[in-house]
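There are 2 protein chains.
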Amino acid sequence: MAEKFVSMRNLRFLLYEIFDVESLTRYPYFQDHSREIFEMVLDTGEKMGRDLLHPYFAEMDRNPPEFVDGKVKVLPMVRTLMKECGEGGWIGAHASYERGGQQMPTLVLNAFRFIFCAANYSASVYPFLTGGAAQLIESFGSEDLIETYVPRMFSGEWQGTMALTEPQAGSSLTDLATTAEPTDAGYYKIKGQKIFISAADHDGVDNVVNLLLARIKGAPPGVKGISMFVVPQKRIGENGKLEGNDLLTTGIYHKLGYRGSPITQLSLGENDDCRGWLVGEPNKGLRYMFQLMNEARIDVGMSAAAIASAAYYASLQYTQERPQGRPVTSKDPTQPQVPIIEHADVKRMLLFQRAVVEGSMSLIFQCARYVDLSHVLDGEEKERCELLLDLLTPIAKSYPAEMGSLAVSAGLQCLGGYGYCDEFPLEQHYRDMRIHPIHEGTTGIQGMDLLGRKVVMKGGKAFMLYLQELEKTIEAARALEPLKPHADDLQRATETLKDVTGRLTGIAAEGKIDLFLADATLYLELFGIIAIAWQWLVQAVAARKALDTDSIEAERNFYTGKLYTCRYFFAYELPKIEGLARRLKACDGLTVEMKEAFFED
Amino acid sequence: MAEKFVSMRNLRFLLYEIFDVESLTRYPYFQDHSREIFEMVLDTGEKMGRDLLHPYFAEMDRNPPEFVDGKVKVLPMVRTLMKECGEGGWIGAHASYERGGQQMPTLVLNAFRFIFCAANYSASVYPFLTGGAAQLIESFGSEDLIETYVPRMFSGEWQGTMALTEPQAGSSLTDLATTAEPTDAGYYKIKGQKIFISAADHDGVDNVVNLLLARIKGAPPGVKGISMFVVPQKRIGENGKLEGNDLLTTGIYHKLGYRGSPITQLSLGENDDCRGWLVGEPNKGLRYMFQLMNEARIDVGMSAAAIASAAYYASLQYTQERPQGRPVTSKDPTQPQVPIIEHADVKRMLLFQRAVVEGSMSLIFQCARYVDLSHVLDGEEKERCELLLDLLTPIAKSYPAEMGSLAVSAGLQCLGGYGYCDEFPLEQHYRDMRIHPIHEGTTGIQGMDLLGRKVVMKGGKAFMLYLQELEKTIEAARALEPLKPHADDLQRATETLKDVTGRLTGIAAEGKIDLFLADATLYLELFGIIAIAWQWLVQAVAARKALDTDSIEAERNFYTGKLYTCRYFFAYELPKIEGLARRLKACDGLTVEMKEAFFED
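Protein sequences appear in the order of chains F and P. If you're matching positions, the first sequence starts at 1 in the working numbering and goes up one per residue. If you're matching positions, the second sequence starts at 602 in the working numbering and goes up one per residue.
No lab work stands behind these hints: they were computed from the structure. Errors might be hidden in some of the hints.
To be verified - List time: in silico DSS-like cross-link candidates among lysine-lysine, alpha-carbon distance up to 27 Å: (1) K461/F / K932/P; (2) K818/P / K585/F; (3) K512/F / K932/P; (4) K1177/P / K498/F; (5) K1113/P / K595/F; (6) K595/F / K498/F; (7) K585/F / K1059/P; (8) K576/F / K1177/P; (9) K1113/P / K331/F; (10) K331/F / K825/P; (11) K484/F / K1196/P; (12) K1062/P / K331/F; (13) K331/F / K932/P; (14) K1062/P / K585/F; (15) K331/F / K1085/P; (16) K1186/P / K4/F; (17) K595/F / K1177/P; (18) K217/F / K932/P; (19) K932/P / K595/F; (20) K331/F / K605/P; (21) K331/F / K1146/P; (22) K284/F / K932/P; (23) K331/F / K885/P; (24) K1146/P / K576/F; (25) K1196/P / K1085/P; (26) K1186/P / K576/F; (27) K932/P / K458/F; (28) K545/F / K458/F; (29) K1059/P / K331/F; (30) K576/F / K1099/P; (31) K792/P / K545/F; (32) K605/P / K595/F.
In isolation and in its complexed conformation, chain F is listed as follows (with noise of 0.2 Å):
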């Protein structure tokens, strides 16, 4: 089994070199943080992730959670887990004071999340998903709700989850179809089936807590009548204690990966006595659930990016320790054989893989410090902040999802037959990492929002100041002489880039929707290299500054690997928007006129 999973040289270099955490303990609300306990932060999800959670990765994917008799088991770690997440805050911590939390930066706590996720991404989802649905009745629900559930999901002792696909309706919200029906007690009551519920039912917590989305009898057809509501798999009765809330798990799937984390099926109110409480308003369900959906897009490239992580660090100790073939310029077979990080193939996968892993990271990380600055800063820079990151939100959640996929492929290719077989690690990042182009919004849906909502959203406010960051960065690396190629080949990625939007958004003026729409996975594909591209020039200036003064050598090995690894994005990746332009300018409407009568032989 592979050791490393995780550089924490690179989370340092992210948080603290790039996107300057410290500097947040200037605003109020982070005055109390530091650089020590950033630290220990890192130190104790190191701790955690090596300790805790890497030495049940494999056994939690050969042991997937079993439901027996209408409940569903799993490993006795999901509880020591969540107990120790609960007991150390790190379900909370993102949380105000008031609240229970810790007043976290976003920033650090996604570097935790990192290494868990990295660690062992099935057991992750327990603690974090948790942590998000708390956080969701904090912001939304009444005093009473937050109470009643919030300190109890703090401590890990009742699983949070957010329900909202129906068998009806995988990614067309608009069809919800489960219903709520007001009572005089102030509950509502709840009939309906939801599919592919992640952890809604285990025997690792005392309670399931569901962030569900329901239509109360009467409201508007479509997405503007879904409510939020909160749905507990067992209630609190007259008594004080725990009591069935009419909830059943009909099944859950079997999964292709991701196996360590049960994803279930529910039925709702068969015997017409399940209990919802409304979160907030009627009919804002969807705008609520969408604050923590965005956050879950993030996570989710999050963890893809970690997953990519875990396997770069598996093959690239391999590629150290595997004798294979020799030099193409010396085939003396009387010589001995040398490692296969020698090949310059092999180099390239790892390169690839490397420039995947951590522009993916930097990007979300990027996306981090934009949550944490619109926390603290208000008006123009607060907006600036928050449609940023609404604008990027669908490439941090789609490029590690789609590249981490090829990456961890790569990865799996440096092993050869062995990355086929399960003594290796390979093989599992492969099927764990193949969720994330489909849950919390495919990567085709993703592109639609990208595109369709995204750009065009007051006026392309947001994508003007998303020009402008680019910008800033160009300039940034054209003071560098040796960054100067980067720096104009960015300059030309985003005049391809202004060059494309510019006629997509023509075409959507002429109200030709279908069209202007069509090909929008490929435009999230240009967007998202560019955006990559971007983020390793952020890394590269900082990584040339530090050349010029750093002197002990394994700081020199890591800054000139950031370099090569830049300069690998923009030889390998940034020309693929070249073909992708191409098409998208073409839009000649052939996927919109091909007919399912074509597709018969």
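Dock chain P against the given chain F, drawing on the hints supplied.
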């Protein structure tokens, strides 16, 4: 479970309308054949695929071979399959009449095998690997070896294998270390270890015949000292009965996919009594093996295309049946949902799959035609076919393997969360497929083979012949008005290929072999995209002409679908060469310079 896994219409299109298999019957070797016979082959293949192989697709995955008491146990269906394939003459159908075969054209056999692979890839391996191994003995073995082994392999009683890989020599065959010591009795004593050997032990047959590479004591180092041996699992004793041959199975691998077929570890000669019989002359083993290896590589491409075919039809069916969402131009939530095949992005994913599947198939059938012609032609014409086959083999192996992996992933994506669950076949196809970029020479190895060997061999003769083939197709397309833009695109792509090839061979001419080969994998990718564009244009020419005369609606839909898929390929796939060409021409040695130390954080 999806029912359709292959389009028989498309197989007939390739056989009769594109590669004109009937024309082969003009040659004496194939003169007994006719369209009626070919149809019988297709019908039998379809029936066996549907009734014998496909029903075990999931079962073989869920009940993989077990290693019990040193022996490998497989499902009883394997014995049934081998027996039926033997009795039907399908294992030896390629062979000449005098060897007990049917002199069946490779084109037709490929169609037959394609059906098997699409129905159940793991199952298909048992008979076809046996046929390939038998063919090696036929081609290079003594009459005695042929008589002893070939009939029992053709009958399906004995399994054949290729035993190359060793623990210290994966991709580096030069480092094979298994030894063969001559004895006075005519046989050699074999000693060594082999790993990753497909089907080298199972209870679906009575014996296993390994075609094994080893080094005769005193042989020169490297590939020049490798010989080929027949090393049976059980040898024929003096009484004519089978007896042990000191060949132990030491384990089987637990794999990501392709689980229905046992991949074994072998230990030979632990008691100094493992006997092998030399095939052909000493030290020519690698050359012999490459006859089979080249076929095996094309078979990998075919298997990959076949798995992608099954995935395509499964996802096509799902998208036709699954209602979800509404057209982007009419989002009224009170209107019913539409099947997801009506969404442009879903059609794009389906077109991508079809473009990869049918483009790959066309290239593989093109190769099969070269095989068939090289049997019946001689002189210049024969050499032409052989050179084109040599040149295209790494493409026929790697394009379907690499792009097929992405195609299956797109199929899985069409199903959303269900694609990730084992109720549907997509997740298994995704796992099964991933072996193909690895076995029979990784994609990296194929890139080195293409650029370092095939493109430059005989002064670039094969490459020049290939350019002539492209030119012929471009001319044919240009004669049809609607295909002119595609003809122009392929013309430009050809210029790009020449340009890149010239740049790289120029670097080779300067003696910079490491630079020349550093991006061979990208060159393979570029070359592959253009080769598939060529094959799509070949198909489009035929479809376009057929549309002018055919009036049956189903037929018109089929041809129209071909033209749309060709358009898809030229619009979405071919432009990818632009970024690749830019990178290949830069050729700045980035991956050559990159040092191991820079990967350390």
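Structure-based check of all given hints:
Taken as a hint, the K461/F and K932/P pair is honoured in the structure, with Cα atoms around 25 Å apart against an allowance of 27 Å. Annotation: proposed proximity of K818/P to K585/F is violated, straight-line Cα distance about 64 Å (limit 27 Å). For the proposed pair K512/F and K932/P, the alpha carbon gap of about 15 Å is at most 27 Å, so the pair holds. Under the criterion of a C-alpha separation no larger than 27 Å, the hint pairing K1177/P with K498/F is consistent with the structure, at around 20 Å.
For the hint linking K1113/P to K595/F, the alpha-carbon distance of about 51 Å lies beyond 27 Å, and the restraint is violated. For the suggested pair K595/F and K498/F, the alpha carbons sit about 32 Å apart, so the restraint of at most 27 Å is broken. Annotation: proposed proximity of K585/F to K1059/P is violated, straight-line Cα distance about 42 Å (limit 27 Å). Distance hint between K576/F and K1177/P is fulfilled; the C-alpha atoms sit about 7 Å from each other, no more than 27 Å.
A distance of roughly 15 Å separates the Cα atoms of K1113/P and K331/F; the hinted pair therefore holds under the 27 Å criterion. At roughly 13 Å between alpha-carbon atoms, K331/F and K825/P fall within 27 Å of each other, so this suggested pair holds. This hinted pair checks out: K484/F and K1196/P have alpha carbons roughly 23 Å apart, not beyond 27 Å. Taking the CA atoms of K1062/P and K331/F, the gap is near 25 Å; set against the 27 Å cutoff, the hint holds.
Of the pairs offered as hints, the one joining K331/F and K932/P is violated, with about 64 Å between alpha carbons and a cut-off of 27 Å exceeded. For the given pair, K1062/P sits about 39 Å from K585/F by alpha-carbon distance, which is inconsistent with the 27 Å threshold. A distance of roughly 47 Å separates the Cα atoms of K331/F and K1085/P; the hinted pair therefore is violated under the 27 Å criterion. A hinted pair counts as satisfied when its Cα atoms are at most 27 Å apart, and K1186/P with K4/F does not qualify at roughly 36 Å.
Using a Cα cut-off of 27 Å, the hinted pair K595/F and K1177/P holds, with the two alpha carbons roughly 25 Å apart. Pair hint K217/F plus K932/P holds up; C-alpha atoms about 22 Å apart against a cutoff of 27 Å. With a C-alpha separation of about 20 Å, the suggested pairing of K932/P with K595/F holds against the 27 Å cut-off. Of the supplied pair hints, the one linking K331/F and K605/P is violated, its CA atoms being roughly 49 Å apart against a limit of 27 Å.
Taking the CA atoms of K331/F and K1146/P, the gap is about 52 Å. The hint is violated against a cut of 27 Å. A C-alpha spacing of about 19 Å is found between K284/F and K932/P, which places the hinted pair at or below 27 Å, so the restraint holds. The straight-line distance between the Cα atoms of K331/F and K885/P is roughly 19 Å, inside the 27 Å bound, and the hint therefore holds. The suggested pairing of K1146/P with K576/F is violated, with an alpha-carbon distance near 35 Å, which exceeds 27 Å.
This hinted pair does not check out: K1196/P and K1085/P have alpha carbons roughly 48 Å apart, beyond 27 Å. Simply put, K1186/P and K576/F have alpha-carbon atoms about 14 Å apart, close enough for the 27 Å limit, and the pair holds. Taking the CA atoms of K932/P and K458/F, the gap is near 21 Å; set against the 27 Å cutoff, the hint holds. Between K545/F and K458/F, the direct Cα distance comes to roughly 37 Å. Violation of the 27 Å bound is thereby established for this hinted pair.
At most 27 Å may separate the alpha-carbon atoms for a hinted pair to count; K1059/P and K331/F meet this at roughly 21 Å. A C-alpha spacing of about 20 Å is found between K576/F and K1099/P, which places the hinted pair at or below 27 Å, so the restraint holds. Restraint check for K792/P and K545/F: not satisfied, since their Cα atoms lie roughly 58 Å apart, outside the 27 Å limit. This hinted pair checks out: K605/P and K595/F have alpha carbons roughly 20 Å apart, not beyond 27 Å.
When each numbered hint is compared with the structure, violations occur for hints 2, 5, 6, 7, 13, 14, 15, 16, 20, 21, 24, 25, 28, 31.
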